[in-house]
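Now for the letters of each chain:
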Amino acid sequence: AQSVSQHNHHVILSEAASLELGCNYSYGGTVNLFWYVQYPGQHLQLLLKYFSGDPLVKGIKGFEAEFIKSKFSFNLRKPSVQWSDTAEYFCAVIPTGGSYIPTFGRGTSLIVHP
Amino acid sequence: EAQVTQNPRYLITVTGKKLTVTCSQNMNHEYMSWYRQDPGLGLRQIYYSMNVEVTDKGDVPEGYKVSRKEKRNFPLILESPSPNQTSLYFCASSLSRGGGYGYTFGSGTRLTVV
Numbered sequence: 008a009q010s011v012s013q014h015n016h017h018v019i020l021s022e023a024a025s026l027e028l029g030c031n032y033s034y035g036g037t038v039n040l041f042w043y044v045q046y047p048g049q050h051l052q053l054l055l056k057y058f059s060g061d062p063l064v065k066g067i068k069g070f071e072a073e074f075i076k077s078k079f080s081f082n083l084r085k086p087s088v089q090w091s092d093t094a095e096y097f098c099a100v101i102p103t104g105g106s107y108i109p110t111f112g113r114g115t116s117l118i119v120h121p
Numbered sequence: 002e003a004q005v006t007q008n009p010r011y012l013i014t015v016t017g018k019k020l021t022v023t024c025s026q027n028m029n030h031e032y033m034s035w036y037r038q039d040p041g042l043g044l045r046q047i048y049y050s051m052n053v054e055v056t057d058k059g060d061v062p063e064g065y066k067v068s069r070k071e072k073r074n075f076p077l078i079l080e081s082p083s084p085n086q087t088s089l090y091f092c093a094s095s096l097s098r099g100g101g102y103g104y105t106f107g108s109g110t111r112l113t114v115v
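Quick note, the sequences are listed as chains A and B, same order.
Residues in the first sequence are numbered consecutively from 8, following the numbering used here.
Residues in the second sequence are numbered consecutively from 2, following the numbering used here.
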């Protein structure tokens, strides 16, 4: 079975700082990759996704992520965070051969101080 | 507006009293699924459905049932709830099981079993 590891459980930044959240997965086959954001008290919303093609994908709100196949990684980045980025961030993997059952990481809680 | 609607948002019940959480989507998505979210564990898939009358177990199906009699509805049934089912539940839909354009999540149901 696949697994997803998010290394940073809690991240605290000041506004304008740069952000990088790590996501590594273990699965030998082809996968679809996602980052979701959950603002306090709300449901998950899609930030960006990667299915194939250019490994650098851009999402909403200035976020981007890079898929590095050799490292089984899909790290999320943002050059300059804002207070409104305070939220929980989840990486998710869906294997595209076999079960198609998604696996979510345990989440990273980001707090941005104004 | 394209959305996934869950009801109720909050529910407190007693051990053993059957309950149903409803989920409805208006996007004509074929794929629907249920997740539970627990602190430090991320989201775990309970059941999913690839189309009407087609359902299958996710990672944590024990104690839950689902049905998919119509394309738009995917209720989650707890026949005999127990305190370890206290959690935040999300319903989600997508165009395909591979994630399509990403999952659309409902607003969540916070269930407490006492």
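None of these hints come from the bench; they were simulated from the model.
Careful, some of the hints might be misleading.
Derived coverage of chain B by chain A (criterion: at least 3 residues anywhere in the stretch with Cβ under 8 Å from a Cβ of chain A; other residues may be distant) [stated by the list, open to error]:
no., region
1, 20-28
2, 44-51
Partial list, derived from the structure: chain B residues whose beta carbon lies under 8 Å from chain A [unchecked claim]:
no., residue
3, Gly-41
4, Pro-62
5, Glu-63
6, Pro-76
7, Arg-98
8, Gly-99
Predicted, not measured: the structure shown is a model, and the values here were computed from it.
Cβ coordinates follow ideal geometry from the N, Cα and C atoms, glycine included.
Results for each hint:
Judged by the Cβ-Cβ criterion of 8 Å, the region 20-28 of chain B is not covered by chain A as claimed, because only 0 of its residues qualify and three are needed. Coverage of a stretch by a chain is defined here by at least three residues with a beta carbon nearer than 8 Å to that chain's beta carbons; for the region 44-51 of chain B and chain A the count is 4, and the condition holds. Proximity of B:Gly-41 to chain A holds as hinted, the smallest CB-CB distance being about 6 Å (cut-off 8 Å). Annotation: B:Pro-62 was flagged as interfacial toward chain A, and the flag is violated, the nearest CB pair being 11 Å apart, outside 8 Å.
Interface restraint check for B:Glu-63: the shortest CB-CB distance to chain A comes to about 15 Å, outside 8 Å, so the restraint is violated. With a cut of 8 Å, the hint placing B:Pro-76 at the interface with chain A is violated, because the nearest CB-to-CB distance is about 18 Å. Checking B:Arg-98 against chain A: minimum C-beta separation of about 4 Å stays under 8 Å; hint holds. Against a cut-off of 8 Å between C-beta atoms, the interface hint on B:Gly-99 holds, since the closest Cβ of chain A lies about 5 Å away.
The structure fails hints 1, 4, 5, 6 (numbered hints given earlier, in ascending order).
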